[in-house]
Every structure is written in C-alpha cells, then in structure tokens.
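Dock chain B against the given chain A, drawing on the hints supplied.
These protein sequences, in sequence, are chains A and B.
Here my numbering is used: the first residue of the first sequence is 1, the next is one more, and so on.
Here my numbering is used: the first residue of the second sequence is 1001, the next is one more, and so on.
Hints are computed from structural coordinates only; laboratory data are not their basis.
Be aware that a few hints might be false.
[Claimed, not checked] Listed next, the in silico DSS-like pairs over lysine-lysine satisfying Cα-Cα at most 27 Å (straight line): (1) B:K1079 to A:K50; (2) A:K424 to A:K400; (3) A:K47 to B:K1100; (4) A:K371 to B:K1229; (5) A:K147 to A:K80; (6) A:K147 to A:K179; (7) B:K1048 to A:K29; (8) A:K371 to B:K1262; (9) B:K1148 to B:K1121; (10) A:K29 to B:K1079; (11) A:K181 to A:K210; (12) B:K1152 to B:K1079; (13) A:K57 to A:K80; (14) B:K1229 to A:K279; (15) A:K47 to B:K1091; (16) A:K29 to B:K1083; (17) A:K279 to B:K1262; (18) B:K1048 to B:K1091; (19) A:K50 to B:K1048; (20) A:K127 to A:K80; (21) A:K29 to A:K93; (22) A:K385 to A:K424; (23) A:K404 to A:K428; (24) A:K47 to B:K1079; (25) A:K47 to B:K1152.
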Amino acid sequence: MAFEGLADRLQSTIKKITGKGKVSEQDVKEMTREVRLALLEADVNFKVVKDLINRIKERAVGQEVMESLTPGQQVIKVVKEELTDLMGGEQSKIAVSDRPPTVIMMVGLQGAGKTTTTGKLANLLRKKYNRSPLLVACDVYRPAAIKQLETLGEQLDMPVFSLGTEVSPIDIAKQAIDKAKNEHHDYVIIDTAGRLHVDTDLMDELQQIKSTVVPDEIFLVVDSMTGQDAVNVAESFNEQLDISGVVLTKLDGDTRGGAALSIKAVTGKPIKFAGMGEKLDQLEAFHPERMASRILGMGDVLSLIEKAQTSVNEKQAKELEEKMRTMSFTFDDFLEQMGQVRKMGPLDELISMLPGANKMKGLKNAQIDEKQIVHVEAIIQSMTKKERQDPSLMNASRKKRIAKGSGTNVSQVNRLLKQFDDMKKMMKQMTNMQKGKKGKGMKFPFM
Amino acid sequence: MGFMDKLKNRFKKNTETEEVSEKYKEGMKKTRNSFSSKLNDLMARYRKVDEDFFEELEEVLITADVGVMTVMDLIEELKMEVKRQNIKDTKEVKDVISEKLVEIYYGDDEEQVESLNIQEKELTVILVVGVNGVGKTTSIGKLANQLKQKGKRVVLAAGDTFRAGAIEQLEVWGERAGVDVVKQSSGSDPAAVIFDGIKAAKSRNADVLLCDTAGRLQNKVNLMNELSKVKRVIEREVPGAPHEVLLVLDATTGQNALSQAKTFSEAADVTGIVLTKLDGTAKGGIVLAIRHELNLPVKFVGLGEQINDLQEFDAEAFVYGLFADMLEEE
Chain A
1 MAFEGLADRL QSTIKKITGK GKVSEQDVKE MTREVRLALL EADVNFKVVK DLINRIKERA
61 VGQEVMESLT PGQQVIKVVK EELTDLMGGE QSKIAVSDRP PTVIMMVGLQ GAGKTTTTGK
121 LANLLRKKYN RSPLLVACDV YRPAAIKQLE TLGEQLDMPV FSLGTEVSPI DIAKQAIDKA
181 KNEHHDYVII DTAGRLHVDT DLMDELQQIK STVVPDEIFL VVDSMTGQDA VNVAESFNEQ
241 LDISGVVLTK LDGDTRGGAA LSIKAVTGKP IKFAGMGEKL DQLEAFHPER MASRILGMGD
301 VLSLIEKAQT SVNEKQAKEL EEKMRTMSFT FDDFLEQMGQ VRKMGPLDEL ISMLPGANKM
361 KGLKNAQIDE KQIVHVEAII QSMTKKERQD PSLMNASRKK RIAKGSGTNV SQVNRLLKQF
421 DDMKKMMKQM TNMQKGKKGK GMKFPFM
Chain B
1001 MGFMDKLKNR FKKNTETEEV SEKYKEGMKK TRNSFSSKLN DLMARYRKVD EDFFEELEEV
1061 LITADVGVMT VMDLIEELKM EVKRQNIKDT KEVKDVISEK LVEIYYGDDE EQVESLNIQE
1121 KELTVILVVG VNGVGKTTSI GKLANQLKQK GKRVVLAAGD TFRAGAIEQL EVWGERAGVD
1181 VVKQSSGSDP AAVIFDGIKA AKSRNADVLL CDTAGRLQNK VNLMNELSKV KRVIEREVPG
1241 APHEVLLVLD ATTGQNALSQ AKTFSEAADV TGIVLTKLDG TAKGGIVLAI RHELNLPVKF
1301 VGLGEQINDL QEFDAEAFVY GLFADMLEEE
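Only chain A is shown next, with the shape it has when bound in the complex (with noise of 0.2 Å):
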C-alpha cells in the first residue's frame, strides 16, 4: 500500500544529516517535504498542512542535533508535538442542564454513523453516568431508519421516540422534549437523518429543530475515513448550527483519520468521542495524543498499554514475573497468560498497534488465526495436572492421548511442546537480562 509511517519515510533524508551538528534549511525543507507527504495521505486537509509545515519549519531550522535524538526523530517530536497541540486536551465530558432534560442533538452527512452513535452515547450515559436517556428519531427520510433506531433501543432496552415518518422532525424533536420531561429523562439525545451541507432545505430543517429544542450540545458524527471534503463538511455544520463537538466514527479501521485535524483545525471544536467498533459499548474517549502517532502512522503504544493495564491486574503480573525468574512457569501459567491476552481483544487488532507492524517482518498483514489459539488451549487443556507441570514427563503414549483428547494430532502436540521450550529458554535470557531489552525473535505458539 501507499501509506507509510512518517518515521519510514523520514528514513533516508535522516540518513544524509545524521553526525551533522546541526539541522540546515536544506535537511528541513527535505523533511518538510516528506512531513508533507505523510499528511497528505493521512487526509489532513492541505491547508492545514501548509500551516503546520511552516511552524513546524521555524521551530526546526537551527536546532541543536541533541545526542540523546537522532534529528529524524526530533523532527517526529515536533511535528507531533504540533498535532497534538493542535488537537487540544481530552474532553470528553458531556453538558449537564440546569434543568433536565439535557438535550442532545446529532448531525452529519449520510452514512457517517449518526444512529449507531445515538445508541452508542445513550449506552454511555446510561452506564457511566448513571443516566436515563430518551432517544428521538427525527430521521424521516432515510427508509427504515426509525426502525433502525428502535431496534437499537430494544437492544439497550431504552425508550424510542418516534412518530413515523409523516410528521416534521421538528414536531418530533418538540413533543420528545415534553414526553422527556413527563417521564422524568434527564437526557434526550436526537438522531437526525444525514444530509449534505450544501442542501439548504434540510440544513434550514436543523437550525429549526435547534431553535425549537434549544440543545445543550450538537455532536457533529463524521466518518474517520473522510478526505479533504471534511473541512467543508465540519466548517459548514458549524456556522449554519454551532457545534460543541465532534464524534469520529469507524475508527477501529486502517485510516490514518488524518480528517479529525482537519475538523479541529476548522472549527476549532474539540472531538470528544471515537467510534471503535460496531458493538454499543464501543464509543470511547478522544485521545488526541494517540491520534496525532496514529496520523503520523507511528502505532498506538498507549492505548496497547491500557488495554493490557485493564485486563491484566498487578497481582498476577508479580506472580508471573516471580515465576518466571524461578523457572516454574508451566503450562497452567501459559494457559492462563493466554487467557488474558485474549482478554485484550482481538490478537490482530493488538498487533496493528503495535509501531512498525506492518513493516514487521511475519507481521505485514498478519492474519492471526484464533483457531489456532483454540487448538493450543485444547491440547494445554487435554494434558494432566502432572504433565501440565513438567513436560519432561511426555512420551510417545502421552503425546498420543493428548492428540486423541484434543482432537489434535501428534506433531501439532509436539510444536506446541517445543514451543513452550524455547519460550522458557527465552524467558531464562530475558530475566537474566533484568528486564533489559526484549528478547529478540519472540514467538508465541499460535502465531
């Protein structure tokens, strides 16, 4: 594919100034270009681009060439620096009204994931704060949407309203508020069907809905995938309805999202939450930090840490690092380390966060097949407690009946058996190494 990290591309123009003294004009205006480049393909609006290019130069020429950087990974440094910047801090934080209900409006272009992010928010509001939502379909237009809407509510077991599709979502929008405000909702959240920014009927038909409900909040939804069209989209939303924020959506894909800087730069309105998945809970925070290396195309180390910081409690980790010190670590461990790894997500969906993986050799494009992780817990599952903790124990008997129980065969049993060897071997090197670098060649059974 096209797409390269920045740091990749950055590789040869560093070489040429490495033991240089200092970064010259030339060397910026080289990496500038290459800064440019993987903007670009990152769909940051060229505007936006040629902005940042030109601080991002004043801020480069003359610098020192530190000892501790490589001048290719200074430049990085600022550049995502100034993305991040850019961005803004984390707000996630959603508006409360003095008096509820707190009313939330939805817009956006079509397809851009309004509806499943109703569903989304209001899951959110409900579980994180403790909230009661009431959802409106306004979206009149698109065939089934309501129904859309309303299967989602069934799923969450949450209250729809709707009116069908002969009445004027503005109607709609009116009598959800005085229903909200009957039954005691503290937040009702307004799915409005996607139009085009140009189309002046159905923009007119939003400021209304605005002025008749008077929302505390208007989330623009805007698919991470979007080009350069983004910055027309958001700065129209914006001066025609007045945004307070943004949710970029199918993020759990491969764009480099390099739109979400193009809508910040834009509106100067801070994205507050990202689609990560189909499922309804999975609406997280906005990370500019993490964005910013995602868009530079350098991985998403924090968020790796984080899953693994949620799904692997401390207790366990000392267990296991003692274990591994003492050498007693046995197929149970392995069993259960397994476990938690899965516990993570998805195996490819942590290696893509990983910097370099798609340049990794065996990684590019790595298919993990979760089948095989399946047939390793099988055959861990189908040993004894005693062969379980010593594998010396195995013979051609054993290693016969595990494959029978496992519904393996032999030379599956003994992979895994060798597998597991080397993994000690490896782990002996490592804690010997006192935590020093990762052991090179690292392989886990199933991959």
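Just chain B, lined up with the frame of chain A:
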C-alpha cells in the same frame, strides 16, 4: 482539433449523451465549481509554467482527493509533456491536464468496461460489498429500479443481517422499485440468505439477483472471511457467478478508499466501483486513483437521494463535468 473541442463536439452531437452530461453537470455542480474554479485561479495567478505552478497544481489535485501517488505520477508526466511540446503559457497546459486525467483513468486499456456484465439468457448474480455507511442498500435499490425499467426481472437478497433496520431498509427499496426481496430474520447467516436468494431467483425465473451485504471495515479479518464465504456459495450455486462484485465507495472518503478497494478485491474479486454521494462537495478524484493504482473501473456514480439518481459512469463526461465551467467561459 484540441481535446476539449473533441469533447465538446461529442456532447453536442449526441443528444442522449447531452442528457447524461446535464445530469452530471447538475449533480456535480459543487464538485465542478470548486475544482475548476481552483484550476482557473491557478491559471490566472501563474503566467509561466514553472515549479511553483506545478506545486500549486499538485495541491489542487490533492484537494480533489486524487491519491497522492497518482498526483505525483501525473505531475511527472505533465512536466515531461510540457517540456516536449515546449508549453510556456498556463492556458495551453489546461488542455494537457484534462487529457492526462482521462488518460490516467483509462491507462492502456482500450476496452470500455463501464457497463454491467449482464447475462442474456441466464441468471446474473451481482454481489454488492463495502464498508459501513457508504450507501450499499440505497445503491441496490436504485440499481434494481434501473434494471427493472430495462425490462429485467430482479430479485433482491437481504444479506445484511447484522445492522439494525437494514432488512427493512432494503424492503422499502424493493417496494419502491417493485421487485421481490428475499430475507431471513436479523442475525441469521448471510451466506444462507444469499443461498435462499439464488433458489428464489431461479424458481421465479429472474434475470438479475442483487445481493446486499453488511457493511464491514476492511481490516476485520473475520468479516472479510465471511464475505469470501458468501462469494463461494454464489460460485457453487451458479456457474460463472457472481458476474459482478460491486464495491460501493463513498466519494467523501479519502485515501482509505484505496485500502478498501485493495482489501475487498482480495476477499471478493471486486469487478467494479459504485461511487456514491458525488452530489456533495466531495471531489471524487479518488476515482482516478483507484483506476490508476488498482485498475478497477467505476461503473456507477450516485448523484442524489432519488431513485433515479444512479448514473452509469462515463470517464469523459466526468472530466467534462470537472472542466465544464472553463469550457463555457472560452
């Protein structure tokens, strides 16, 4: 005769094409305004064809979402051409630019591949795929209507069993177009629905079966495998099918569209593109990139929300649309 004159003549001669081009012009008004006004700006600002001019041109094209690599290639070729023909004036370069754009689209391919591969005597199966929210179901509805008006018997298979309301949405389109919809309950196996669809299409003696699928992001391996399975079922049940695998792309999508086209092609051998939502301000330049880098033809473009707003793609009309203002000013 210059390229632009040829284009102009083409549209003058043929009333049918004129109609098409009118629709293009109408639907792509926004696109055209911004893109060609930018080009005009460019021409006015630069008298001389030099490095600065090319840099600016590069920006104009990138803003139109033409892929970065494609733009780089195009600029290289333009530079060569300008040198060869010894062009100094920016006005002259205009012709060369549009010529190159059409050329990039067609590449060395002489063959016209825009029309659908519809079988004459037997069942034609068309599989429609794409990421979430690009307009798959809507495009199927429009396509069904178009085929029906051409006298074909059409059956729709509601293969999106995942998204809430998707089946109902397709049913509404089925009603509008006046064609049958084969469905199962939400959550059932999409391959099974498609299988039913094939059976139903055969027994009802249908000419065309349009298969809807759930939107899926191309990096979800499991979902892409599911799609391959659906395709295998079709291959097994109807020899030579699917006759078309249409990838629906949202015109507002940026560079990721390339990744979509690539991955979906790997999983389901895409034969053509449906480019939707081209009636906004999105530039649709991605069409050139996809054709240039992946050699996939665009077969249809979506130019609005009405049932008739799906047009067969015509690269020259497309480029004409982009440059129409400039042509009329001359």
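Tested hints:
1. Annotation: proposed proximity of K1079 of chain B to K50 of chain A holds, straight-line Cα distance about 23 Å (limit 27 Å).
2. For the hint pairing K424 of chain A with K400 of chain A, the CA-to-CA distance comes to about 23 Å; that is within 27 Å, so the pair holds.
3. Distance restraint check for K47 of chain A and K1100 of chain B: the Cα-Cα separation of roughly 25 Å lies within the 27 Å cut-off, and the hinted pair is therefore satisfied.
4. Between K371 of chain A and K1229 of chain B the CA atoms are separated by roughly 17 Å; this keeps the pair inside 27 Å, and the hint holds.
5. Between K147 of chain A and K80 of chain A the CA atoms are separated by roughly 43 Å; this puts the pair beyond 27 Å, and the hint is violated.
6. The hinted pair formed by K147 of chain A and K179 of chain A meets the criterion: a straight-line CA distance of about 20 Å does not exceed 27 Å.
7. At most 27 Å may separate the alpha-carbon atoms for a hinted pair to count; K1048 of chain B and K29 of chain A meet this at roughly 24 Å.
8. Taking the CA atoms of K371 of chain A and K1262 of chain B, the gap is about 25 Å. The hint holds against a cut of 27 Å.
9. Taking the CA atoms of K1148 of chain B and K1121 of chain B, the gap is about 16 Å. The hint holds against a cut of 27 Å.
10. Distance restraint check for K29 of chain A and K1079 of chain B: the Cα-Cα separation of roughly 22 Å lies within the 27 Å cut-off, and the hinted pair is therefore satisfied.
11. Between the alpha carbons of K181 of chain A and K210 of chain A the distance comes to roughly 18 Å, so the proposed pair stays at or under 27 Å and holds.
12. Proximity of K1152 of chain B to K1079 of chain B is assessed by CA-CA distance (about 49 Å); at most 27 Å being required, the pair is judged violated.
13. Proximity of K57 of chain A to K80 of chain A is assessed by CA-CA distance (about 13 Å); at most 27 Å being required, the pair is judged to hold.
14. A hinted pair counts as satisfied when its Cα atoms are at most 27 Å apart, and K1229 of chain B with K279 of chain A qualifies at roughly 23 Å.
15. With a CA separation close to 25 Å, the supplied pair K47 of chain A and K1091 of chain B stays within the 27 Å bound.
16. A hinted pair counts as satisfied when its Cα atoms are at most 27 Å apart, and K29 of chain A with K1083 of chain B qualifies at roughly 26 Å.
17. With a CA separation close to 26 Å, the supplied pair K279 of chain A and K1262 of chain B stays within the 27 Å bound.
18. For the given pair, K1048 of chain B sits about 9 Å from K1091 of chain B by alpha-carbon distance, which is consistent with the 27 Å threshold.
19. For the hint linking K50 of chain A to K1048 of chain B, the alpha-carbon distance of about 23 Å falls within 27 Å, and the restraint holds.
20. Distance restraint check for K127 of chain A and K80 of chain A: the Cα-Cα separation of roughly 34 Å exceeds the 27 Å cut-off, and the hinted pair is therefore not satisfied.
21. The suggested pairing of K29 of chain A with K93 of chain A is violated, with an alpha-carbon distance near 40 Å, which exceeds 27 Å.
22. Restraint check for K385 of chain A and K424 of chain A: satisfied, since their Cα atoms lie roughly 19 Å apart, inside the 27 Å limit.
23. Taking the CA atoms of K404 of chain A and K428 of chain A, the gap is about 32 Å. The hint is violated against a cut of 27 Å.
24. Taking the CA atoms of K47 of chain A and K1079 of chain B, the gap is about 24 Å. The hint holds against a cut of 27 Å.
25. Under the criterion of a C-alpha separation no larger than 27 Å, the hint pairing K47 of chain A with K1152 of chain B is inconsistent with the structure, at around 48 Å.
Going through the hint list in order, the structure does not satisfy hints 5, 12, 20, 21, 23, 25.
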